[in-house]
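Model the full structure from these sequences, guided by the hints.
Just so you know, we're using my numbering here: the sequence shown kicks off at 452 and counts up by one.
Among the clues, some could well be false.
Straight-line C-alpha distance at most 25 angstroms; calculated DSS-like pairs for lysine-lysine [unchecked claim]:
id, residue 1, residue 2
1, K483, K460
2, K519, K542
3, K542, K460
4, K502, K526
5, K483, K519
6, K502, K480
7, K542, K477
8, K480, K542
9, K460, K502
10, K460, K476
11, K533, K562
12, K457, K519
13, K457, K502
14, K533, K477
15, K460, K477
16, K476, K457
17, K460, K480
18, K519, K477
19, K483, K502
20, K533, K502
21, K533, K519
Hints in this document: simulated from the structure, not taken from any laboratory.
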Amino acid sequence: MWYLAKLIKGMSIDQALAQLEFSDKKGAKVIKEVLLEAQEMAVRNHNVEFKSNLHIAESMTGRGRYVKRIRYHGKGMFGIMKIVRCHYFVKLVEGPPPPPEPPRTGFDQAKEYVQQLRSRTLVNTL
452 MWYLAKLIKG MSIDQALAQL EFSDKKGAKV IKEVLLEAQE MAVRNHNVEF
502 KSNLHIAESM TGRGRYVKRI RYHGKGMFGI MKIVRCHYFV KLVEGPPPPP
552 EPPRTGFDQA KEYVQQLRSR TLVNTL
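Here you go:
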């Protein structure tokens, strides 16, 4: 589910629905239903003029309830099953999607980290 949420973040609504249509993952069907419902709510309740003029600003998953159950085996043995659920959050914004950010290399991250270390101030020192 997390993989799909990260995949469609920043896409237009039509492009995200097309990506989810051809995904083999189990969560793709759930996310697609949520996006269609959010699109209809945006048009009906929030005065969005065109339903295709939306992009996904935020798309994230969260941990839901974890339930433990017992599965009985032979000879008095048992195993513990975990029933896992998750939450999915999406935020649609009207307008075209923003341009993608250029990828940051490790060198850029290291340079930014060194700059942050040099610009800090230490309190109560000489």
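The hints, checked one at a time:
{"no.": "1", "hint": "K483 x K460", "in the structure": "13 angstroms, holds"}
{"no.": "2", "hint": "K519 x K542", "in the structure": "32 angstroms, violated"}
{"no.": "3", "hint": "K542 x K460", "in the structure": "10 angstroms, holds"}
{"no.": "4", "hint": "K502 x K526", "in the structure": "59 angstroms, violated"}
{"no.": "5", "hint": "K483 x K519", "in the structure": "29 angstroms, violated"}
{"no.": "6", "hint": "K502 x K480", "in the structure": "20 angstroms, holds"}
{"no.": "7", "hint": "K542 x K477", "in the structure": "21 angstroms, holds"}
{"no.": "8", "hint": "K480 x K542", "in the structure": "18 angstroms, holds"}
{"no.": "9", "hint": "K460 x K502", "in the structure": "17 angstroms, holds"}
{"no.": "10", "hint": "K460 x K476", "in the structure": "17 angstroms, holds"}
{"no.": "11", "hint": "K533 x K562", "in the structure": "44 angstroms, violated"}
{"no.": "12", "hint": "K457 x K519", "in the structure": "28 angstroms, violated"}
{"no.": "13", "hint": "K457 x K502", "in the structure": "22 angstroms, holds"}
{"no.": "14", "hint": "K533 x K477", "in the structure": "18 angstroms, holds"}
{"no.": "15", "hint": "K460 x K477", "in the structure": "18 angstroms, holds"}
{"no.": "16", "hint": "K476 x K457", "in the structure": "14 angstroms, holds"}
{"no.": "17", "hint": "K460 x K480", "in the structure": "16 angstroms, holds"}
{"no.": "18", "hint": "K519 x K477", "in the structure": "22 angstroms, holds"}
{"no.": "19", "hint": "K483 x K502", "in the structure": "15 angstroms, holds"}
{"no.": "20", "hint": "K533 x K502", "in the structure": "39 angstroms, violated"}
{"no.": "21", "hint": "K533 x K519", "in the structure": "5 angstroms, holds"}
Of the numbered hints given earlier, the model fails hints 2, 4, 5, 11, 12, 20; all others are met.
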